[in-house]
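Trainee: Starting from the given sequences, assemble the full structure and let the hints guide the process.
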Amino acid sequence: MEILNINTSRLQIRNLKLIDLSDFHVYRSNPEVTKYQGFDVMNLEQAEDFIQSQLDKKFGAAGEWVQYGIEHKQTGKIIGDCAIKLQDDDVRIAEIGITISHLQQKNGFAKEVLLGIMTFLFDIKNIHRVVEIVDAENIASINLLKSVGFRQEGHFIENIFFKGKWGSEFQYALLKKEWDAKS
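If you count the sequence shown from 1, position 34 lands on 34 in the UniProt record's numbering, and the numbers rise without skipping.
Keep in mind that a hint or two might mislead.
Claimed, not checked - No more than 25 Å apart at the CA atoms, straight line, and that leaves these computed lysine-lysine pairs for DSS-like: (1) 111 with 146; (2) 77 with 146; (3) 177 with 125; (4) 58 with 73; (5) 165 with 35; (6) 165 with 125; (7) 106 with 146; (8) 58 with 35; (9) 111 with 176; (10) 182 with 85; (11) 182 with 146; (12) 111 with 77; (13) 177 with 163; (14) 163 with 125; (15) 77 with 106; (16) 176 with 58; (17) 106 with 35; (18) 35 with 125; (19) 182 with 163; (20) 85 with 111; (21) 57 with 163; (22) 182 with 111; (23) 35 with 163; (24) 85 with 58; (25) 106 with 58; (26) 125 with 73; (27) 177 with 73; (28) 106 with 165.
What the hints assert, rightly or not - Computed Cβ-Cβ distance ranges for the label pairs, DEER-style: (29) 180 with 158: 33 to 39 Å; (30) 153 with 76: 24 to 30 Å; (31) 52 with 31: 21 to 27 Å; (32) 153 with 48: 33 to 39 Å; (33) 60 with 180: 29 to 35 Å; (34) 166 with 19: 22 to 28 Å; (35) 3 with 76: 24 to 30 Å; (36) 60 with 182: 21 to 27 Å; (37) 18 with 152: 24 to 30 Å.
No lab work stands behind these hints: they were computed from the structure. It should be emphasised that the depicted structure is a prediction, and the values quoted were computed from it without experimental measurement. The beta-carbon is built from N, C-alpha and C at its ideal position, and this holds for glycine as well.
Mentor: What follows is the structure, encoded as structure tokens:
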């Protein structure tokens, strides 16, 4: 297992730090940002507890979600976070998730993060398959996944009771051989 550090042209994906708390809380407390997420809005104490729980976590533990900060290299501030989980029974399969601050959306950061994560997982870690589960109403995320070659594998109808109502989800996935064919 290792401390994860991914660099893209504008961003660094790295472990969350307590110094990130203020910026982390700004977007994690926004209902629009958390609308399609598996977490709800956080108060400052919850945000701090969450960051504390993620400090110094290492990449590679089967079945464990690890949340990473997305730092803008120019400002040194986080503009979002992302998560990677290796499947419990087969660490060659990864699930991912990305959250970008409402203050930083529509700047191409989500795609830059997604491509950075995919390059790391497929080209460096030789992962076989990457999966993302997305709310069926989250059109921006669906379009992002499609833009880098993910394909829809499943449509789960009202499969999750989520924030007071039944929700539907899509499963998207990309294989290493599909990634390699596009590169």
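Trainee: Can you list which hints this structure breaks, lowest number first?
Mentor: Hint check: 2, 6, 8, 13, 14, 18, 19, 21, 25, 27, 28, 30, 33, 34, 35 and 37 fail, others pass.
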